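This note's numbering puts the first residue of the sequence shown at 266, with every later residue one more than the last.
Don't read these hints as lab results, they were simulated from the structure. As the structure is a prediction and not an experimental result, all values here were calculated from the model. Ideal placement from N, C-alpha and C gives every residue a C-beta, glycine not left out. You may find that some hints are simply not true.
[To be verified] Straight-line C-alpha distance at most 25 Å; calculated SDA-like pairs for lysine to any residue:
id	residue 1	residue 2
1	Lys-596	Pro-378
2	Lys-415	Leu-443
3	Lys-433	Glu-464
4	Lys-433	Gly-412
5	Lys-438	Arg-461
6	Lys-596	Glu-383
7	Lys-551	Glu-533
8	Lys-433	Lys-596
9	Lys-541	Ala-406
10	Lys-599	Asp-582
11	Lys-440	Cys-290
12	Lys-596	Ala-406
13	Lys-415	Leu-295
14	Lys-415	Arg-516
15	Lys-599	Ala-324
16	Lys-433	Ser-503
17	Lys-438	Asp-422
18	Lys-541	Lys-438
19	Lys-541	Gly-299
20	Lys-551	Ala-537
21	Lys-300	Thr-289
22	Lys-440	Ala-404
23	Lys-551	Ala-324
24	Lys-433	Ala-316
25	Lys-433	Lys-541
26	Lys-300	His-536
27	Lys-433	Arg-516
[Stated by the list, open to error] Derived DEER-like restraints, expressed as beta-carbon distance ranges:
id	residue 1	residue 2	range
28	Gly-593	Asp-565	15 to 23 Å
29	Ser-267	Asp-556	54 to 62 Å
30	Glu-512	Glu-553	45 to 53 Å
31	Gly-337	Arg-568	44 to 52 Å
32	Ser-482	Lys-551	52 to 60 Å
33	Pro-296	Gln-345	35 to 43 Å
34	Arg-513	Gln-394	33 to 41 Å
35	Gly-593	Ser-485	43 to 51 Å
36	Glu-512	Ala-331	48 to 56 Å
37	Glu-553	Met-419	50 to 58 Å
38	Ala-496	Ser-335	45 to 53 Å
39	Glu-330	Asp-601	25 to 33 Å
40	Lys-300	Thr-468	39 to 47 Å
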Amino acid sequence: MSEIVPVILCGGSGTRLWPRSRATCPKPFLPLIGKETIFEATLARCAPFAAPVIVTGTAHLDHVEAQLGSGGARILVEPQARNTAAAIALAALRLPADAVMLVCPSDHHIGNPQAFAEAARKAAALAQQGWLVSFGIEATAPETGYGYLKRGEMLGDLGFRTAQFVEKPDLEKAKAFLAEGGYSWNGGIFAFSVARFLEELETHCPDVLGPVREAVSSGSEDGARFHPDSAAFARAESISVDYAVMERTDRAALVPADMDWSDIGSWESLHAARDKDGLGNSVRGKVELVDCRRVLVESDGPRVSVIGLEGVVIVVDGDEVLVTTMEGAQKVGKLDGAANQ
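Please model the entire structure based on the sequences and the hints provided.
Written as structure tokens, this is what we have:
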């Protein structure tokens, strides 16, 4: 099998887990679950494969280098964010044509790294056959915040053709998907042959590939860092890889992945991923609870005392305080404090 090269997309605006996560130090670089940061955990589960390629922006470069450790990683520094199609194209153009890219967001939690590695090897095998492969995350609830993948025909014992990409559904549709079966969450994890990905991008979205190719040819190296040309990179169309390639190709496939996955997209999902006491409570810092159920409380300073509440989130970080219901946690990114950092 060709070399499997993790391509870790590392960025974020730090709004959905405000005030703990901020633009200056967003979610990937925080130890939100356990002692490792989310980025460090991503690196650890990709360790069985080749040295990774990290795609990040200048704003996060110091955090990346501080947490990267040793291991021969290469860092591609985007001069500006142009969405995931351009980020993946940048990595592809710096890799051998026969390599298999394992594209991973840096800010997801995966509780079962062994299942991730097994799915990655199956996805890589399909990628070598010319498929563009998504991880089909086991759907465990009728979530409306994720896109869905519908399974088509089986592709041997490795996975399935992707029959349909479904935008984020309403609750009734999400419930119907779970009842019907054959639907997975689209978690934004992919495996591509470098050559096949570039071929498909050239066909379906040349307004990404052309400028990124020019940016790479005019770029410069600085040790382990590579800086694409800023002016050329800025001309790349800003579009996700889903829209640019995955929903347009006739070679889309999926590998089922039941690996205790979460995108940690809200305080509610972080609470679900964390260890909890017998009443469903998760606390960090100086916290005292009395008669509480299903609460998440963390403080980096003052004592927080809570009595008789259920289903709430309370976060104290520096001079900011957040109080919300679990359900309201989806709206945190719209708060002035989060949106106007």
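Verification of the hints:
1. Restraint check for Lys-596 and Pro-378: not satisfied, since their Cα atoms lie roughly 30 Å apart, outside the 25 Å limit.
2. Among the hinted pairs, Lys-415 with Leu-443 is consistent with the structure: their alpha-carbon atoms are about 11 Å apart, no more than 25 Å.
3. Note on Lys-433 and Glu-464: the hinted pairing is violated, with a Cα-Cα distance of about 28 Å set against a maximum of 25 Å.
4. In summary, the hint linking Lys-433 to Gly-412 is supported, as the alpha carbons are separated by about 4 Å, within the 25 Å threshold.
5. Simply put, Lys-438 and Arg-461 have alpha-carbon atoms about 33 Å apart, too far for the 25 Å limit, and the pair is violated.
6. Only pairs whose Cα atoms come within 25 Å are accepted, and Lys-596 paired with Glu-383 is rejected, the gap being roughly 35 Å.
7. Under the criterion of a C-alpha separation no larger than 25 Å, the hint pairing Lys-551 with Glu-533 is consistent with the structure, at around 20 Å.
8. A threshold of 25 Å between alpha carbons decides the hint, and for Lys-433 with Lys-596 the separation of about 16 Å falls inside it, so the pair holds.
9. About 20 Å separates the Cα atoms of Lys-541 and Ala-406, which keeps this hinted pair within 25 Å; it holds.
10. Restraint check: the Cα-Cα separation between Lys-599 and Asp-582 comes to about 18 Å, which is no more than 25 Å; the hinted pair holds.
11. For the suggested pair Lys-440 and Cys-290, the alpha carbons sit about 36 Å apart, so the restraint of at most 25 Å is broken.
12. As the CA atoms of Lys-596 and Ala-406 are separated by approximately 20 Å, the hinted pair is consistent with the 25 Å bound.
13. About 33 Å separates the Cα atoms of Lys-415 and Leu-295, which puts this hinted pair outside 25 Å; it is violated.
14. At most 25 Å may separate the alpha-carbon atoms for a hinted pair to count; Lys-415 and Arg-516 meet this at roughly 14 Å.
15. A C-alpha spacing of about 22 Å is found between Lys-599 and Ala-324, which places the hinted pair at or below 25 Å, so the restraint holds.
16. For the suggested pair Lys-433 and Ser-503, the alpha carbons sit about 20 Å apart, so the restraint of at most 25 Å is met.
17. Restraint check for Lys-438 and Asp-422: not satisfied, since their Cα atoms lie roughly 29 Å apart, outside the 25 Å limit.
18. In summary, the hint linking Lys-541 to Lys-438 is not supported, as the alpha carbons are separated by about 31 Å, beyond the 25 Å threshold.
19. Between Lys-541 and Gly-299 the alpha-carbon distance is near 12 Å, which keeps this suggested pair within the 25 Å criterion.
20. As the CA atoms of Lys-551 and Ala-537 are separated by approximately 21 Å, the hinted pair is consistent with the 25 Å bound.
21. Straight-line distance between C-alpha atoms of Lys-300 and Thr-289 comes to about 20 Å, which keeps the hinted pair within the 25 Å bound.
22. Distance restraint check for Lys-440 and Ala-404: the Cα-Cα separation of roughly 11 Å lies within the 25 Å cut-off, and the hinted pair is therefore satisfied.
23. At most 25 Å may separate the alpha-carbon atoms for a hinted pair to count; Lys-551 and Ala-324 exceed this at roughly 32 Å.
24. For the suggested pair Lys-433 and Ala-316, the alpha carbons sit about 34 Å apart, so the restraint of at most 25 Å is broken.
25. Pair hint Lys-433 plus Lys-541 does not hold up; C-alpha atoms about 29 Å apart against a cutoff of 25 Å.
26. The hinted pair formed by Lys-300 and His-536 meets the criterion: a straight-line CA distance of about 16 Å does not exceed 25 Å.
27. With a C-alpha separation of about 22 Å, the suggested pairing of Lys-433 with Arg-516 holds against the 25 Å cut-off.
28. For Gly-593 and Asp-565, the Cβ-Cβ distance of about 22 Å falls inside the hinted range of 15 to 23 Å, so the restraint holds.
29. Here the CB-CB span from Ser-267 to Asp-556 is close to 57 Å, well matched to the stated 54 to 62 Å.
30. Checked against the given bound of 45 to 53 Å, the beta carbons of Glu-512 and Glu-553, roughly 50 Å apart, stay inside it.
31. About 45 Å separates the C-beta atoms of Gly-337 and Arg-568, a value consistent with the hinted range of 44 to 52 Å.
32. About 55 Å separates the C-beta atoms of Ser-482 and Lys-551, a value consistent with the hinted range of 52 to 60 Å.
33. Hint check: Pro-296 to Gln-345, Cβ distance near 28 Å, so the stated range 35 to 43 Å is violated.
34. A beta carbon spacing of about 19 Å between Arg-513 and Gln-394 contradicts the range 33 to 41 Å that was offered as a hint.
35. For the pair Gly-593 and Ser-485, the supplied restraint of 43 to 51 Å holds, since their beta-carbon distance comes to about 46 Å.
36. Take Glu-512 and Ala-331: their Cβ atoms lie about 37 Å apart, and the range 48 to 56 Å is violated.
37. In this structure the supplied range 50 to 58 Å holds for Glu-553 paired with Met-419, their Cβ-Cβ distance being about 54 Å.
38. One distance hint, 45 to 53 Å for the beta-carbon pair Ala-496 and Ser-335, is violated here, with the actual separation near 34 Å.
39. The given range of 25 to 33 Å is respected by Glu-330 and Asp-601, whose C-beta atoms sit roughly 32 Å from each other.
40. Taking 39 to 47 Å as the suggested C-beta distance range, the pair Lys-300 and Thr-468 conforms, at roughly 45 Å.
Of the hints listed earlier, those the structure fails to meet are numbers 1, 3, 5, 6, 11, 13, 17, 18, 23, 24, 25, 33, 34, 36, 38, in rising order.
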